[in-house]
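Line order of the protein sequences matches chains Z, V and H.
Mapped onto this note's numbering, the consecutive letters of the first sequence carry residue numbers 1 to 318.
Mapped onto this note's numbering, the consecutive letters of the second sequence carry residue numbers 1 to 430.
Mapped onto this note's numbering, the consecutive letters of the third sequence carry residue numbers 1 to 415.
Take the hints with a grain of salt, since some may be wrong.
Stated by the list, open to error - No more than 30 Å apart at the CA atoms, straight line, and that leaves these computed lysine-lysine pairs for DSBU-like: (1) LYS410/V / LYS336/V; (2) LYS272/Z / LYS185/H; (3) LYS198/H / LYS272/Z; (4) LYS172/H / LYS198/H; (5) LYS272/Z / LYS173/H; (6) LYS293/H / LYS394/H.
Since the hints were derived computationally from the structure, they do not count as laboratory data.
In this text, all values refer to a predicted model and were calculated from it rather than measured experimentally.
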Amino acid sequence: MSLFIVNILDGLVTGLLLFMLCSGLTLIFSMMGVLNFAHASFYMLGAYFAYQISMFTGFWAGLIVAPIIVGVMGALIERYGLRRVHQYGHVPELIFTFGLALLIEEFVQFFWGRQQVPYNPPEALDFTAFAIAGNTFPAYKVFMIFMAIALFLVLLYILTRTRVGMTIQAALSYPETVQNLGHNVPMVFMGVFGVGTAMAGLAGVIAGPVMGTFPGMAFTLGAIVFVCIVVGGLGSLWGALVASLLIGWMQTFAASYNLRMEDLLIWLGFEKPTLMWESAWQDLWTLTLPQVGPILPYLFMVIVLVVRPQGLFGKRET
Amino acid sequence: MSTPSTNPLTAGTSRLVPLNHALPWIIAAVALFLLPVIFDSRAALTIMNQMAITIVFALAYNMLLGQGGMLSFGHAVYMGLGGFFSMHVLNWMSDDPWLPLPVLPIFGGFFGLLFAFLIGWFSTRRAGTTFAMISLGVGQLVASLSIIIVIFFGGEEGISGNRTDMLPFFGWDFGQQQEVYYLTAVWLLIAALGMYLYSRTPMGRLANAVRDNEERAEFLGYSQRNVRWISFCASGFFAGIAGALFAINFEILTEENLNLATSGSILLVTFLGGVGFFIGPIIGAIVFTLLQTVLSLHTEIWALYVGILFVATVMFFPFGLTGLLALHVMPWKLGKIGYLVKPYAKMAVPTLAFILSTAAVLEILFHARHAGRGDNEMTIYWWLTFDSHSPLPMIIGLVIAGVSAYALVKLAPGLKAAWDEATHMGEAGK
Amino acid sequence: MKSLKKFALGMAVAGLAATAAAAETVKIAYIDPLSGPFAATGTNGLHQYQFAADTLVNERGGVLDGQMFEIVAFDNKISPKESLIQLQVAIDQGIRYVVQGNSSGVANALTDAIAKHNDRNPDDRVLFLNYSAVDPALTNDKCNFWHFRFDAHADMKMDALTDVIAENEDIKKIYVIGQDYSFGKAVASAAVRMLTAKRPDIEIVGNELHPIGNVQDFTPYARKVVSSGADAMITGNWGSDMLGLGKAVIENGFSGPIYTYYAAADGITAAFGETGVGSLKLVAEGGNNPPSKPEAQEYVRAFKEKHPDGNISQSRITNVVQMLAMAIDDAGTATDVVQVANALEGMEFTDSLWSDNPMVMRPDDHQLIQEVHIYGHVPVEAPFDFDNSGYGLKYENSIVNAGADLPTTCEMERP
Chain Z
1 MSLFIVNILD
11 GLVTGLLLFM
21 LCSGLTLIFS
31 MMGVLNFAHA
41 SFYMLGAYFA
51 YQISMFTGFW
61 AGLIVAPIIV
71 GVMGALIERY
81 GLRRVHQYGH
91 VPELIFTFGL
101 ALLIEEFVQF
111 FWGRQQVPYN
121 PPEALDFTAF
131 AIAGNTFPAY
141 KVFMIFMAIA
151 LFLVLLYILT
161 RTRVGMTIQA
171 ALSYPETVQN
181 LGHNVPMVFM
191 GVFGVGTAMA
201 GLAGVIAGPV
211 MGTFPGMAFT
221 LGAIVFVCIV
231 VGGLGSLWGA
241 LVASLLIGWM
251 QTFAASYNLR
261 MEDLLIWLGF
271 EKPTLMWESA
281 WQDLWTLTLP
291 QVGPILPYLF
301 MVIVLVVRPQ
311 GLFGKRET
Chain V
1 MSTPSTNPLT
11 AGTSRLVPLN
21 HALPWIIAAV
31 ALFLLPVIFD
41 SRAALTIMNQ
51 MAITIVFALA
61 YNMLLGQGGM
71 LSFGHAVYMG
81 LGGFFSMHVL
91 NWMSDDPWLP
101 LPVLPIFGGF
111 FGLLFAFLIG
121 WFSTRRAGTT
131 FAMISLGVGQ
141 LVASLSIIIV
151 IFFGGEEGIS
161 GNRTDMLPFF
171 GWDFGQQQEV
181 YYLTAVWLLI
191 AALGMYLYSR
201 TPMGRLANAV
211 RDNEERAEFL
221 GYSQRNVRWI
231 SFCASGFFAG
241 IAGALFAINF
251 EILTEENLNL
261 ATSGSILLVT
271 FLGGVGFFIG
281 PIIGAIVFTL
291 LQTVLSLHTE
301 IWALYVGILF
311 VATVMFFPFG
321 LTGLLALHVM
331 PWKLGKIGYL
341 VKPYAKMAVP
351 TLAFILSTAA
361 VLEILFHARH
371 AGRGDNEMTI
381 YWWLTFDSHS
391 PLPMIIGLVI
401 AGVSAYALVK
411 LAPGLKAAWD
421 EATHMGEAGK
Chain H
1 MKSLKKFALG
11 MAVAGLAATA
21 AAAETVKIAY
31 IDPLSGPFAA
41 TGTNGLHQYQ
51 FAADTLVNER
61 GGVLDGQMFE
71 IVAFDNKISP
81 KESLIQLQVA
91 IDQGIRYVVQ
101 GNSSGVANAL
111 TDAIAKHNDR
121 NPDDRVLFLN
131 YSAVDPALTN
141 DKCNFWHFRF
151 DAHADMKMDA
161 LTDVIAENED
171 IKKIYVIGQD
181 YSFGKAVASA
191 AVRMLTAKRP
201 DIEIVGNELH
211 PIGNVQDFTP
221 YARKVVSSGA
231 DAMITGNWGS
241 DMLGLGKAVI
251 ENGFSGPIYT
261 YYAAADGITA
271 AFGETGVGSL
281 KLVAEGGNNP
291 PSKPEAQEYV
301 RAFKEKHPDG
311 NISQSRITNV
321 VQMLAMAIDD
331 AGTATDVVQV
341 ANALEGMEFT
351 DSLWSDNPMV
361 MRPDDHQLIQ
371 EVHIYGHVPV
381 EAPFDFDNSG
391 YGLKYENSIV
401 NAGADLPTTC
411 EMERP
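Work the whole structure out from these sequences, hints included.
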């Protein structure tokens, strides 16, 4: 039971981290109608910039400065890259972000090399917050949870309670009308893209010390982030939150419990082959849950899309 | 262009292959036959085979992206599965062969078709983002399963076979690269011609109609879903042929043939060449294979250059390299291509200088950061040797890049004017 | 000069010029990743080869009548397909020797392709000198005459490792975890088999595989290891999977020894730093730190002088270079690889640098039998540390002629 609670907490950390990426991505999508393939690359840039800054000033300055640099880069890329490609249609836009993702990975390797860089949590948070039946829970992870929740609340407040948020929401649905009312819609787009990428950068700053800061970090996470927002429903902030948490727990529990296909098959009444390594079904018999854990989100996504193409919380079809 | 027809069902089918359409194919066939006479080294043959396989795959991919408007992130699945099944057919027959090697691609195509049929059943119900995301999910699932199901996919080592185990074909046992080249080239022609003819059939035209306006096509009585499904199956078939050709050439298939990186790179290849043209993917495949194989012999940061080229293509030439060439058809037909010669000649030097100096700056930076200590001396462009740690070469590189960029900006209006003139219908203004 | 050769190489690729094997040099193709995620390991290996060829062969007058070794680099992007293309390019260059080590998947593709090539083209045969791919199958079921392995394979290392574990009475429970692919499975099954034979009282409290390169957070795995009450852990993980697993396990309170294959160098030593001391153990061939022989110390210093960011992390590379040079001298030819292979087969070799223990290239399966050590991750003075981190590897145990009694299933066909 205590291990179950620890797993709930671990899954929460993974899920909230995913959410920090998804929230920005889903905002950008609902505004511009384009899936930003490079979103996880901005997450990586956040981690690397924070590492570079932490070499000079320590962790906390990086926490503030790195997301700002990433956000400015994102805004500039929107202004001088994406906006130009926008006129050609959605597919070139998507392909542009795809190319951008490749380019950012090369860029990171060019400057920081191909090895993992030693980016570590700050010493102030390098202690055990609490332990449940011998399972320690580091203070840094508590910090991650609070950061993510704070980000969500701030975002929710801005979007629903402030004038800027209202303009953004209006520009989402009726860009022409908002433009005619005298708002600078391209500016709003640039701002949203900048803020979205800055949030990804912030996620990178926070996750880098725990998940490792290396050139492949964007690739392993990028596809999962996509799965989250598609499952949650494109453009839905609540959907992104629910899907992120679901997938976070799904991955944690799949890795934690060694359920074996063997037990299931025997329970179903099949007979275990005596010479396993000559059986054509050997791979099925030896399958365990942790082996398939990372592909469960994809299976989940395919099923959700086939049954409900707009995703769990999506209002419109894409 | 084909003769217009009043009946949409028979549009483009009358005179399926007029003579002037056959000419490029005859030239291509002769060129394919003569190429190994000029490039006879083993490596050149291997690279040409690799190109041919990529061409078939990219053409098959473009049946979806270009003709059907379907963006797939998991198309390697159909090529890979076609290849894996072909390899199993090859191994299954190796003890007691009853077919010659050249028929193997038919098996590959069949299995590609089979899986496209099964997966297309649920993935082609929607177009757009839903289709793209399902293709991503299925791609990831199959790639991951290929590691788990060792008995079929052989784990990360993959499965291998020996192509010479099949029956000899008119005395050829396909032990030599040259023989394999001709096999691949013939299949390239068959597959390319098949896909070209398919694009001319009513079915191919309907794919365009659904791409451009699915509601309208539906309204006219065509099930958009079925049209997509059929295109998807056809594309899967030709991708499977490419997979079988891969199996014949490399005699090994691994997880690499199924994974997302392969799916992504075929998107890159197709887009680089130009999705709107039949020959676009062909040009893309040739350029990309050369970049990947030859450029990587010369520089460690080749992938950076490919990334830059790709992003620049999307930004400035969204119709790909072929689109860039196609822009010149109009001035050519107007007989005004001559107007462009002079501004192009003027641009050539600064363009070349800009590209070379930018690459030089990147190389110097990379060398200075990553080369061994005491290994300061570096050589670029085969004759230029200097110390990468001294600031002078870097400054010279930056200055040349700056000056040539400035010159390009200054020359651009001239080119624009000449361009307007060359594409203008009437007589020359001045 | 190097670029000029690369240029000539490019020309050959384009088929414009077919460069014949130059009489003055013996070219060795280095086919390993020089771009992409594993480029760090590949580049460091290339530097070690170039340095070994220059220092140990060329500066001593080369082989035969003064022919020099030249290492020609080919970037295989760790892809089997690219490796096979680059192999063809190398053969066109008149290259007769191929060295490769990163990824058993690539090694399997190469050994298969080289066997077929040599069979079909008897005029330009090639030897494959595998310095790092440790899948046991390569010198067992998949062995062939053209393949020689200079590293101890996974089962031999596990044999050594379990010998050491068997003597440690404190270890009662062991957790085995690895990446879900052929090497991870080979490690796991060897560990279970050998532990059961040597110490039946040890309980295997966990034996599991996780997806390779696809786990973002190893915390759930670490929780399982900790709550299983294991005294020690065995893993064959490498790269970011090694780092992620190791850090997660230590951070979540595991204090027993972690027996590994690849938890050193290429950034891993630096990333573990102080946290790995006392926990991380590594099984490998090679020498102690600092090396006992002054010439070896000098060799490391000279290498670090030239490549301050590099590591002498694969001492077997010097064995490859020295043994190939010896074999070519013995055979009296560098072009007839059958004679060179015959000279290598059964060769007894005493390393001039790292160890005094003689090694032998076992004729039955072309596997080098050598001393294997269990190292501990401890503070090591520069320049003998890894990643310039102040930490490195030191001997804890040594097993002479490890795995010499392991049988081989190789049935070699000789030309």
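> Quick check: which numbered hints come out false for this structure?
Replying inline: Of the numbered hints, all hold.
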